[in-house]
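K.L.:
Throw the hints in and build the complete structure from the sequences for me.
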Amino acid sequence: GDTIEVIVGEAQSVFHVHEELVCAHSDFFKTAIKPEWAESYPKVIHLPEDDPVAFLCYMQWLYCKQLPTSKDDECRQLARAYALGEKLLDIDFKNDVIDAMVAKASIFVDGIMKFPGSDAIEVLYYGTPESSPARRLFIEFWTFVGKEEWMTDQPPPYEFLIDLSKSLLRQRPRPHGDRPWIGFPELYHVKTDKQITEGKP
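The sequence shown maps to residues -9 to 191 in the numbering used here.
No lab work stands behind these hints: they were computed from the structure. This one's a predicted model, so the numbers in the text were calculated from it and none came from an experiment. Ideal Cβ placement from N, Cα and C applies to all residues, glycine included. Treat the hints with caution; some may be incorrect.
[Unchecked claim] Calculated pairs, SDA-like style, for lysine to any residue (alpha carbon to alpha carbon, straight line, at most 25 Å):
1. 61 / 1
2. 61 / 50
3. 20 / 61
[Stated by the list, open to error] So the derived label-pair ranges between C-beta atoms look like this:
4. 49 / 170: 41 to 49 Å
5. 10 / 85: 20 to 28 Å
6. 77 / 160: 47 to 55 Å
7. 138 / 168: 24 to 32 Å
P.N.:
The following block contains the structure:
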């Protein structure tokens, strides 16, 4: 059948994909294939802002229903793949990427489970709308199993931190005991040099 030439990224990596196959999955391609192209060849679509590795992953999924990733950077690659699926308007692809993310976070490989770090979160938040269920998945990863050491020198995006704060406040139990500020406002006073030297509260 007819093929479409897809030029991806700043390096202009070239891919060829069967028109009927990709249009059956992607509403983006279905819309991009304009009627006036019906008799023209080659059909070319440019995706200058997208990641060639993510598009290769999409091609592999289209033809083989596999999501290849390297072990060193799986979460970020899957985040890039999901963001691409968002742009291409391919629901089945996005859902399979979600399943792969959940699998990575559910199975021990070499003694560890893999959860998204700051870099993967940044990719996903940049490439998805506020209503994205993938964002909700990342928030719930961090809400239920997140650790302080996940906060590296490169913090997650501000928008993610706001979403995470809301989620943690919803999920956390109320602390037991008296509220620490009641009866002890001096706990929050700025200490003078003398108080610091004498070790006074």
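K.L.:
Take the C-alpha atoms of residue 61 and residue 50, compute the straight-line distance between them, and say whether it is at most 25 Å.
P.N.:
OK: residue 61 and residue 50 at ~17 Å, within 25 Å.
K.L.:
Hinted pair, alpha-carbon criterion (25 Å max): residue 20, residue 61. Please report holds or violated.
P.N.:
violated, 33 Å
K.L.:
At the C-beta level, are residue 77 and residue 160 separated by a distance inside 47 to 55 Å?
P.N.:
violated, 31 Å
K.L.:
Range first: 41 to 49 Å. Now tell me if the beta carbons of residue 49 and residue 170 are that far apart.
P.N.:
Given range 41 to 49 Å: violated, Cβ gap about 57 Å.
K.L.:
Mind checking the hinted window 20 to 28 Å against the Cβ distance between residue 10 and residue 85?
P.N.:
holds, 22 Å
K.L.:
If you check the beta carbons of residue 138 and residue 168, does the distance land in 24 to 32 Å?
P.N.:
holds, 26 Å
K.L.:
Hint check: residue 61 vs residue 1, CA-CA at most 25 Å. Holds or violated?
P.N.:
At roughly 24 Å apart (the allowed maximum being 25 Å), residue 1 and residue 61 satisfy the hint.
When the structure is compared with the earlier hints, violations turn up for hints 3, 4, 6 and for no others.
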